[in-house]
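Construct the complete structure from the given sequences, taking the supplied hints into account.
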Amino acid sequence: MNKILRVLWTTATARRRGRVGPTEHAVLPLRVLPNDIDFAGHMNNGVYFTMADLGRIDHAIRSGWARAQVRHRVSPVVMQETMTFRSSLQPLQAYELHSALAGWDRISVYYEQRFVVDGQVCAQALVRMRFLRKGKGVDTDRLWQMLGIDPPPSSVPDWAQGWGDGARLPSPREDAPAGPPPFWG
Numbered sequence: 627m628n629k630i631l632r633v634l635w636t637t638a639t640a641r642r643r644g645r646v647g648p649t650e651h652a653v654l655p656l657r658v659l660p661n662d663i664d665f666a667g668h669m670n671n672g673v674y675f676t677m678a679d680l681g682r683i684d685h686a687i688r689s690g691w692a693r694a695q696v697r698h699r700v701s702p703v704v705m706q707e708t709m710t711f712r713s714s715l716q717p718l719q720a721y722e723l724h725s726a727l728a729g730w731d732r733i734s735v736y737y738e739q740r741f742v743v744d745g746q747v748c749a750q751a752l753v754r755m756r757f758l759r760k761g762k763g764v765d766t767d768r769l770w771q772m773l774g775i776d777p778p779p780s781s782v783p784d785w786a787q788g789w790g791d792g793a794r795l796p797s798p799r800e801d802a803p804a805g806p807p808p809f810w811g
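Numbering of the sequence shown is given in our numbering, commencing with residue 627 and proceeding in unit increments.
Hints were generated in silico from the structure; no laboratory data involved. We treat Cβ as the ideally placed atom computed from N, Cα and C, and that holds for glycine. It is possible that part of the hints are untrue.
[Claimed, not checked] Quick list of simulated restraints, FRET-style, between CB atoms:
no., residue 1, residue 2, range
1, 767, 799, 42 to 52 angstroms
2, 802, 647, 34 to 44 angstroms
3, 795, 701, 19 to 29 angstroms
4, 795, 642, 31 to 41 angstroms
5, 762, 787, 18 to 28 angstroms
Below, the structure written as structure tokens:
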């Protein structure tokens, strides 16, 4: 329930934080709540990914992407995500979540998101997303037209493109039996 309330709060207060351009970064102020804490006494690693979802929702609303996505019936789905942790977020600690479009390739859009306290990065996520329409992927050239965006050149680092290819699972239309490692090597 906590997460649903946070989504509603983020949606309801997005305009108050001001408009951002589609290629600008959005800052969402947050606080570590008691139910975000794990047994080690800091924010649970899974909660970081949930908060990253909130940051992308905030960015979509404030940039106008959300309205265009609804109008064109395009929905984003996460394909891959990775998080690098530098320092822990403590109970009741205030932090900012910075979310920005990092780049894209032919089929996916990459977001970089940073968890920041006092100007210092505590954790950083890279999220690779695909946009779907009627269950089928929308190429980014078509996506930019639908959303009315003239994006700057993509700046996705080479390692991230390799990460996408190296960590890929078989297509849902292919067999992917769950067996012992080495999985699909």
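Against the range 31 to 41 angstroms, how does the distance between the Cβ atoms of residue 795 and residue 642 compare: consistent or not?
holds, 40 angstroms
Assessment of proposed distance window 19 to 29 angstroms (beta carbons of residue 795, residue 701)
Holds - the Cβ-Cβ distance for residue 795 and residue 701, about 20 angstroms, lies within 19 to 29 angstroms.
Could you say whether the range 18 to 28 angstroms given as a hint is met by the Cβ separation of residue 762 and residue 787?
holds, 23 angstroms
Quick check on a hinted range of 34 to 44 angstroms for residue 802 and residue 647, using CB atoms only.
With a Cβ separation near 39 angstroms, residue 802 and residue 647 satisfy 34 to 44 angstroms, so the hint holds.
Assuming the hint says 42 to 52 angstroms, is it satisfied by the Cβ distance from residue 767 to residue 799 or not?
Taking Cβ atoms as reference, residue 767 and residue 799 lie about 24 angstroms apart, which means the hint is violated.
Hint compliance for this structure: hint 1 is the single one not met.
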